[in-house]
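Whole structure, please, built from the sequences with the hints as guidance.
2 protein chains.
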Amino acid sequence: MSNPHQIILLAHGSSDKRWCETFEKLAEPTLRSIENSAIAYMELAEPSMETIVAQAKAQGTEQFTVVPLFLAAGRHLRKDVPEMIEEIVKQHGVSMRLADPIGQNPHLGEAIRDVVQEELAKSAG
Amino acid sequence: MSNPHQIILLAHGSSDKRWCETFEKLAEPTLRSIENSAIAYMELAEPSMETIVAQAKAQGTEQFTVVPLFLAAGRHLRKDVPEMIEEIVKQHGVSMRLADPIGQNPHLGEAIRDVVQEELAKSAG
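From first to last, the protein sequence lines stand for chains A and B. Residues in the first sequence are numbered from 0 upward in steps of one, following numbering that gives the first Met the number 0. Residues in the second sequence are numbered from 0 upward in steps of one, following numbering that gives the first Met the number 0.
There may be inaccurate statements among the hints.
[What the hints assert, rightly or not] For lysine-lysine, the following DSSO-like pairs were computed, each having C-alpha atoms within a straight-line distance of at most 30 Å: (1) B:Lys78 with A:Lys121; (2) A:Lys78 with B:Lys16; (3) B:Lys121 with A:Lys89; (4) B:Lys89 with B:Lys78.
FYI, nobody ran anything at the bench for these hints, they're computed from the structure. Please read all numbers here as calculations on a predicted model, not as lab measurements.
Below is the structure:
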C-alpha cells in the first residue's frame, strides 16, 4: 500500500458562522476531488489542525501538507502557524509541510481576473 | 463615447512590503487584461480607494465597482468598507458598487483545488 498523504486546507477561523461557511464552500471543490483532504482552522473554529492530524494518524497517515487558505503571508503564517506545526509534529510524530499561502500561486490571480470579468458583465447588464 | 467604468481591486493593506507585493502580483492578470482597473488598499498602504476615485473622476469616470480581494466578509467588508465608500460617494459625487468578496465566487474554490493538486504533485515528487 502507498503511504497515505493528507492535505489540510488551513483557514484562519472566526466565531462568525457565515465566515466559516464561506471557507467550507471554498474548500468544496478540493474536498470533492482530492481524497484525504480536510479543512481546519487556526483559531476560533473547529476542527483544529491537531484534531485532523490525530484522526488521520490513528488511521495510519503520517505525511501532511498544510495549504493555507490565506491570500498573503502575515504574522500568522510566518510565526504562529509554523509554531503550531512544530508542536503537532512533536506531539504526534508525523511529518508536516507548510505550503505557500494560496495567493502566491498564479492560479489565484487568474481566478481573480475571471471574477472581475463577471463583475464587469454585471455592471454593464 | 461609452461611459468609462473603473474596477478597484481592494486589498486590506499592510505596512509589510512583502504582503503588498503578493497582492500586486495577484492583481496582475486583471490589470493586464482589463482596462480601467487598479489596486487600492483599505489601510496601511497606498493608493487608497479615494486616491483612485479622485484620479479617475478627474478623467471623467463616474462609475466604480469595488472588488474586495478578501476570501470572506468580516467586519471590514460588512462595516468599514461600506462606510468608506459612502464617504467617497458623498465627497466625489460618483457611483460605487461593492461586489462580494472574491472568495464567494466559485472560480476561487476551483483555483484552490488546482493549487492543492500542484502541492500534491510536489509531495509525491
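Practice task
Just pull the numbers of the violated hints for me, sorted ascending.
Solution key: none
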